[in-house]
Amino acid sequence: MTTTASDPSTVPTAEPIIEAQGLVKRYGGHVAVNGLDLTVYTGEIFGILGPNGAGKTTTLEMIEGLRAPDAGTIRVAGLDPATQGDAVRRLIGVQLQSTSLFDLLTIAELVELFAGLYGADDSPERVAALIAMVGLTEKRRARVDQLSGGQRQRVAIALALVNQPRIVFLDEPTTGLDPVARRALWATVHSIRDEGATVVLTTHYMEEADVLCDRVAVMDHGQIVACDTPAALVRSLRADATIRARLSGPLPMAELAALPSAIALDCGGDERCADLRLQTTDAQTTLIGLLALATRESVALAGLTTAQATLEDVFLHYTGRAYEVGEPAAERNERRGRRRRGIN
Amino acid sequence: MRSFWAMVRANVKMSSRNRGALFWNLAFPALFIVVFGAIFGRGAITTFHVGIAEPASEFGEAAAREMEANPAFMVSRGPAEEELARLRGGERDIVLTFPVAEADGRPAATLYYDMARGPSEAMAVGVVRQTLNELAGGEPAAAIEEEPVDAQDITFMDAFLPGIVAMNLMNAGIIGLSTAFVNYREKGILRRIRVTPFPLTSFIFAQALSQLLVVAAQSIILVALAKLLFGFHLRGDPLAIALTVAVGGLTFLAIGFAISGVARNAEAAASYANLIAFPMLFLSGIFFSMDAAPGWLQPITRALPLPYLVDALRDLMTRGAGLTAVWTDLLVLLVVFAVAMTIAIRFFRWDASGAD
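Order-wise, the sequence lines are chains H and R.
Numbering-wise, the first sequence is residues 11 to 354 according to our numbering.
Numbering-wise, the second sequence is residues 71 to 426 according to our numbering.
These are computed hints drawn from the structure, not numbers from a lab.
No false leads were slipped in.
Some residues of chain R that are not near chain H, with every Cβ distance over 10 Å (derived):
#1 E131
#2 Y182
#3 V195
#4 F275
#5 L299
#6 P308
#7 L309
#8 L345
#9 L353
#10 W366
Computed footprint of chain H on chain R, listed as stretches where at least three residues anywhere in the stretch have a Cβ under 8 Å from a Cβ of chain H:
#11 80-90
#12 254-267
By construction, the Cβ of each residue, glycine as well, lies at the ideal position given by its N, Cα and C atoms.
Isolated chain H (complex conformation) (with noise of 0.2 Å):
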């Protein structure tokens, strides 16, 4: 697999302040992250793609020092969390992915609680500032267990800033939540890199990491198959354009393979390609030639569209599969507890 070269000449400040080399975790026999190198730069809002189970939650968790990696070292402002998880501890602030709260405590008294533990000012003005940086103002003496969804997920972040952190670390923040609330959450992420701290963040969303992130890593089975600005990642492709279009019948994969200016084909799978995606440098002579083809074989072309090439079509470039989210880790969690406990 490729690994497209970082581009920190895109970055504010180009130093860095996590740096992470040959992480591997297995549990079992399972490898979670298999040999990955990733390097933050301070300011940025770094992005983590994938889909379920690329690793992306481990890996954030040996950054942040809850998991210990069977090889590969890690520094966090050139601290090693193995060693110094205190002093990491201490920089960082962090959302854990569907964490709950304490249920019977308020907005108010759960930030104030939490500022105490990291011994944090926790006065009310700083407990009042914290929770209307995430906007739950109104609801600041509502109890967590009152809350939504996206309330407890912006108590989460709100406790994640209560030491001042100098990196923040917000694993999928915005899943399960409405585009609403997800883009309320994307205004709270931008005001927190705006104050001064490096954001780290997971998400399965490419629209997300299109538009929140500074720069995404592109994350699966465990490896970092790409690495870029956004914009950078699409360029890379040297695609123009993604056909796609239902076809009534097959038609040689090969020749589709061989169409002028096509460079990557993905038929989900399928034999017959019933559904074409087609990655072009030139989007004109690829549908000339496609045309000609589907005339020659008597196919119909339904839903013929052609798109500006995306996040997606990088995802397919680099593991030669569409995107899919899959299941999440929590309900595949889940099931196994039911296994285990034999119910089912």
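Given the coordinates of chain H, work out where chain R should sit on it, guided by the hints.
Positioned in the frame of chain H, the structure of chain R alone reads:
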């Protein structure tokens, strides 16, 4: 230290808002107090039926006269054989024999009693011994370590309530803490705490201290209830009682903590907790004396921690004894605490999946 108290404050706040648990933790023991109190009444259990074997020594005659003058005793006389048969038959609480020959000039007495009739029997023995000692001019007629208790004052509730307080301490630790901790682990709250600089030991001790504060407050409410409804008399040194409550509370919190480490999930933790708590509840002499239990059961009873706490609290609260009377009980509890803590730390897990 500031972070520690922030955690304790939050824990106590959460406990006070957990209305369901709060209600049941109080309602369950309160129900026992009301039901048992109503059955056995608020009257004194002081009509101890004492049998005095004839012939009796001079000292024996004096003792008989003394007890006949005291409304707490109902005195019968008869041949030793007959009186002992009546004791076995349940018609006497205590039988005394007074050997006529007083070889060394020291008054002698042998005290027969039957522990099978519950906590009141121990009270009777204490009172009779005390009466004899006073008669003998302070010289012990039998080895006695109890402090004086006025027989007329001991009610059923006085002997019953310390057991209920002990039961409450056990439930808070074994059932309360284990389910709370497993819940925190399954919900990912422990992992969230782990990415803060707040140390694990502080989190655990904050948890233990808050539970202890809550259960102490509950105990005070239960004592007040018993006093109000059934005229409970609290004896003994408040500091000694507080210390014993703290040691007992910590012991059972440690057991609850060990259960939460060993159990894989909330359901398993609840089953383990009940499996340990329930037999202990009935083998600890709270509701009936274990002296009547068959011999094979005795070693099991002695291996359980709850009976030691019940005994210690009864010695302090009912008989008004001092710490010197209960230090062996406290020692046993501390040993159990140490063992449970070792298991708890050995099996501690941060998250439910079991991966480091």
